[in-house]
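**Q** These are the residues of each chain, in order.
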Amino acid sequence: MSISLSAPTPVKAATATHCPYCALQCGMSVAVDETVTITPRKDVPANAGGLCQKGWTAGELLTSGDRLTTPLLYGEPVGWDEALDFVAARIRAVQEEHGPNGVAVFGGGGLTNEKAYQLGKFARMVLRTSQIDYNGRFCMSSAAAAANRAFGMDRGLPFPITDLGGADAVLIAGGNVAETMPPFVRHLTAMRDRGGRLVVIDPRVTATARQADLHLQPAPGTDLALALGLLHIVITEGHVDEDYVAGRTSGFDGVRTSAAAWWPERVERITGVPVARMRLAAEILADAGRAVILTGRGAEQHAKGTDTVSAFINLALALGLPGREGSGYGCITGQGNGQGGREHGQKADQLPGYRRIDDPAARAHVAAVWGIAPEDLPGPGRSAYELLDALGTAAGPRALLLFGSNPVISAPRAGHVTERLRSLDLLVVSDLVMSETAALADVVLPTTQWAEESGTMTNLEGRVLLRHQAAAPPPGVRSDLEILRGLAVRLRGAEGFPADPREVFDELRRASAGGIADYAGITYERIAAGTGVFWPCPAEDHPGTPRPFLDRFATPDGRARFVPVEHRPPEEDIDRDYPLYLTTGRVLAHYQSGAQTRRIAALNAVASEVFVEIHPDLAERLEVAPGDLLRVVGRRGAAEGVARVTPAVRPDTVFMPFHWAGANLLTNPALDPVSRMPEFKVCAVKLERVG
Amino acid sequence: MTRLVIVGNGMAGARLVSEVRARDKHVKVTVIGAETWQPYNRVLLSNVVAGTMLPDQVRLLDPAWYADHSVTALLGVEVTAIDRETQAVLTADGRREPYDVLVLATGSEAVVPPVPGAAGAMAFRTLDDCRAILAAAGAARRAVVVGGGLLGIEAARGLAGRGLPVTLLHLAGHLMERQLDAEAGLMLGETLAELGVEVRTGVVVEEILGDGVRLAGGETVGADLVVLACGVRPVTGLAGDAGLEVARGIVVDDEMRTDDPSIFAIGECAQHDGTVYGLVAPAWEQAAVVADLVTGADKTSRYRGSRLVTRLKARSVELAAMGETHLTEDDAEVVRFSHRARGSYRKLVIRDGRLVGAILLGETSAVGTLTQLFDRGSPVPADPAGLLFPGISGSAVAESPVRMPDAVKVCQCNNVTKGQIRACWESGARDVEAVAAATRATTGCGGCRDVVEGIVGWLCEQEGISV
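Protein sequences, first through last, are from chains C and V.
Numbering of the first sequence is given in my numbering, commencing with residue 1 and proceeding in unit increments.
Numbering of the second sequence is given in my numbering, commencing with residue 1001 and proceeding in unit increments.
What the hints contain is simulated information worked out from the structure, not anything from laboratory work.
Hints may be right or wrong, so weigh each one.
To be verified - Just the calculated beta-carbon pair ranges, DEER-fashion:
#	chain 1	residue 1	chain 2	residue 2	range
1	C	T162	V	G1464	40 to 50 Å
2	V	E1324	C	D557	27 to 37 Å
3	V	A1119	C	D573	27 to 37 Å
What the hints assert, rightly or not - Derived, one-sided and incomplete: chain V residues facing chain C with beta-carbon distance under 7 Å:
#	residue
4	T1052
5	R1059
6	D1062
7	P1063
8	T1310
9	R1311
10	G1444
For every residue, glycine included, the Cβ atom is placed at its ideal position computed from N, Cα and C.
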C-alpha cells in the first residue's frame, strides 16, 4: 500500500467554516499555509467562540501520514479509471446474477447534505436498488420516529440552541454533552447562571451529570419507566397544563390512564431511582416558567427507544412545553450531519425532503425532478442492521458500496457484521483513512475530507450551515460526488450527477420543495450571509423557521399527539450467568468509531486505549485493581479493556466506550419495532480478569 | 375459541385482562366486577383521601378500552356461584356465563372488628369507601383511625393533610409491627405526630360510639369520623362453596391453578406456597403468568413467589421496609444507624453476604440501591456503610488552587493541567484570556473558568502582582 505524506496546498487564509465532527457544528476559521491553524468563530451561536480539543486539533488530519491518496484494488494501488471500471463491471455482474437488490449502499450521518442526497439518488436511479440505509439508523432513528408520531415532524431541536440559556430548567435524558459536544454546555451554564436548574438522567455519573443540580441514576434500560413515573407525579401533583392539553394536543386521556399504573414507588423498584428524587425532578420542571426536555442516545438506543422518547415527549406535552417560545422538547443529534443526513434520501424508507418512499405523491415529485418514471423508483429497503445482517446471505445483497461509515467498529454485534462484510462478493469503501472497515474492502477509494470540499450541513438545531473549502485535497484524492459521477457514467452513461456541490444543492432544493424538510428557499449565499437558515424554508424570500411549532404542529389537525406507551424490560436482562449490565458511550477525545480521532496524536495521548469502568464494590468482590486487564464476556462475544475503578458507575453496571474495537462485539442487535434502532445501551455480561 | 371468564375487576382482574389482550386478540374475554366503577388503582386511594387526586383520575382502563379490545365487561354484577360441572358462573342478576378457563380475582375485604357500633365506622378499602370518607371529612371536626398498619397510616396522614385533627389507634406495641422493629415504629409515630397525627399504640378499642371511640379501661377518644383500617381478609366464599381447596386464601400451584385445572386464582384471594400477598406487585406478576398460560404465549411460565417491599405513600413521611426486618444479631448481621432527633433510622439485615431485610425511615436516598440488591439477591459489599450513606465516598471536595497538585486536570475539554497553567503563567500569561490563548483551557464547555481564574489569581498573589 502506498501512503504519501502531502502537505495541503493553501487555498486562502482563514476560511470561515465548521468543525468536522459532531452535530453542534461549531464555527471555526481554518487558515492553511505550511501548517493548519484553527480558531473558533464567535459569530456562530452553537459554540459562540468555544471549541473542544477535537475541534482545535481537527486540522491534524489534513496533514496526516495516514491519509489514503490512491485507490486500492485488493490492497494494491491502482489508477482511478482502473478502480472505477472494476467496480462498475463487478456491480453489473452482480446485478445480472442477483438483480438490482444484489447491490447495496450504506451511507453516513457525517456526509454533507449534497452527498447524502446524491447517494440516495445514485442508489435508486443508477443502481435501482432498494437496499440503502445509513449509520444514522444507529443514531437518531428512535427520536426521529417518536417526534414524527407526536409532532408530525422530526427536527432535532425545534428551536434555536440559545433558547436553552434562557430556560429555567433543562432535563437531559441519556445525554453526556460535556464529553460529546463540550461547547453545548455553555448554553446550560448560561441557564444555571440565571438560576435555572439542570436535571440529568444517566446510569453513570458522567461529566454532564456532575454539573447537574439533580442527577437521577436509573438502572440501564429503565428510562421509559422513569419517564412514566415523572408523568405520573406531574399528573397527581396537579402540574398538568390543562389549557394547553385541551387546546394544542390530542390523546391525553389514554396517556393519563396508562400513567396511573406507574406510581412512583413502583417505578422506584424498577429503576432504582428514589421516589423523593423523582418528585424533586417533577417539581423542578413544573416550577420552571420555561423548561426544555432533551433526549440523547442513552435513552434512545434501545429496542424500546421510540417508546422511551414518546414517554419523554408525553411528559413535555403534559407540562405544556412544546411549541411555546423558550420551552420545548428536543433530541440532541449526534453526528455532524445527523439531521440533514436523515432528510434527503439515504434512509431505506425515504426520499428527499423527508418524504416517505411509499407515498405516491412523494414518488411522483422526486421522479419528476430526476427525470424518471415514478414506477422506476424502488420501494423501501432494509434498515441498517437488517441490511448488514443480510449481506452475503442467499436473500441478501452480494455487493456493498459504503461511504462515511465504519460499521466494523460501530455496528452492534460487530463480530457478526464483520463476518457478513467478509462474505460479500464485492465491498467498496470510500474513506480518507484506512478504517477497520476499509481494511476489509476489495476496493478502497480515497476521498476528500471536510476542509477540502464545500457543502451544507444541517446542525442539531435544524439550521442549514455551509462548509467552505479551506484547503486543496492531496493529489490523487477525489470527492464522493466525483466518485458517484464516475460510477454513474460508467453504469448508465447517466447525466445528472454533477460533482459540484452547489449544483447538487440546487437540485436538492427542488427535490425537497413541498416536503417536510423543505430547503427550496435556502441558497449558499443566504447561508453565508448570516448564521445559517432554519428549515423549512419554502422560498427565497421566506425567513426560515427557527421555531416551527409556535402556532401549530405539523400533524393534519395541527395538534401534538400523546402516544400511550408502556415500560418493558431490556431485551437481554441480567441473570445468573451474565450478572452485570454493560452500557456503552463516548469519551471527550474521540468521535464515533475513532477512525479520525484515533489518528490525532494529541487526542490519542488523552485516550489511547479501551477501558472498562467498574464500581469499587464490584472491584472489591472480583478482586480487581485499577489498571488490571479485564475481559468482558457476553452472549455474542468478548472484549478486553483496562479496569477503571470508579463510583461513577452503578455497582450492577460496567461501562465501555465504543470508539475502539471491543464494546460493540458485545452489544445486542435487538431492534426497536418502529425505528429499527438496535439495543446498544444495555446487554448482559460477566467479567473475567485476564492473567 | 377459548372462553375466558374473570371474576373480579380490581387490580388483579383488570391487569389480567390487559395482559391477555397484549398477547392474544382472539380469546373471548368476559370480566365480571361487583363494583360499578371502571377498574381503578387501589394504590392511589390514599391520594384520593389526601385530596391530591380526584376519584376519576385513578382508573386503570378507560371505558372505551373494552370496546376497542373486544372485551365484555359486566360491572356492578355479583357472581353468586360457580357450576364446575357445566363450567359456568351464575350471577345475581340471573346470567349464566359459560367458561373454558375461569380466573378468580376476587381480592379481599376489609376486616371489621367485632366490637359494638362498628357499623357506624367507615372502612378504607374501596373507591366508594373513599368517597364516603371524603364526604364525611368535609363536616368533621375530629377523626379517629383504627389500625396502625400501612393503610391506616396513609388514611390518617391524608386526613391530617386536610387539616383535620386525627388520632391513630393501634393495638400492637408499635406501628406497622409486621414490617418494622420497635425503634422504627416508635420513630415513625413521632414523625406522624409532627404532621398532626396523634398516635396511640397498645390500645384496645372496645366500642365505636356516635361521637368517638371507647377504649379498654373506659377512656373515650372523641371523633365524629371513625375510619377502620384493621386489615383485610381474602374473599374466598365462591371458591369454598364450589368445593375448591381454600386455606387462608384459595390454594394455587406455581401456575396459579386451583385444584380444578380449569380454574385459576390470582391476587389477594390466592394463597401461593403458604403465602397470601396483599400488595400489587405480586398480583401483577401472577396475572402475567396466567396470561402466558391461558393464551399459550409461554407455556413454561411459572410464579415463584415475590419479595416484598413496602413503601408508605404518605406525604412528608419517607419509609421503606423490605424482607426480614426482625432478625437479630443471633441470625444475621445487622447494620443500624439511628438519629431520633431527625427522625432518621436506617437498618440493614444481611445474611450470607446478601441483603435479606432493610428499613429506611426519614431519608430514603439509598432505597433504590437497597431494593435492587434485595430483589436480585446480589452480594453486599464487605463494608456496607456506603449503602446506608450513599454519596459519602463519591463527593469530591473542590480543591483550593493552593493544595491542588500540578497533575490535576483543570480543563477536561482541552486536557490542561494545573501544572501547564502554572508554566503558562511563568512564561508571562497574567489573565484567563492569556492562559486560554496559550493552553486552550476554558475554551470548551467553559466550566473551568472559575478554577483557572483562581489559579491565576493565586499565582499573582504569591508574587505580589496586582490583578
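**Q** Compare the structure with each hint and give your call.
**A** Here is what the structure says about each hint:
{"no.": "1", "hint": "T162/C x G1464/V: 40 to 50 Å", "verdict": "holds, 42 Å"}
{"no.": "2", "hint": "E1324/V x D557/C: 27 to 37 Å", "verdict": "violated, 56 Å"}
{"no.": "3", "hint": "A1119/V x D573/C: 27 to 37 Å", "verdict": "violated, 50 Å"}
{"no.": "4", "hint": "T1052", "verdict": "holds, 6 Å"}
{"no.": "5", "hint": "R1059", "verdict": "holds, 6 Å"}
{"no.": "6", "hint": "D1062", "verdict": "holds, 5 Å"}
{"no.": "7", "hint": "P1063", "verdict": "violated, 10 Å"}
{"no.": "8", "hint": "T1310", "verdict": "violated, 9 Å"}
{"no.": "9", "hint": "R1311", "verdict": "holds, 4 Å"}
{"no.": "10", "hint": "G1444", "verdict": "holds, 4 Å"}
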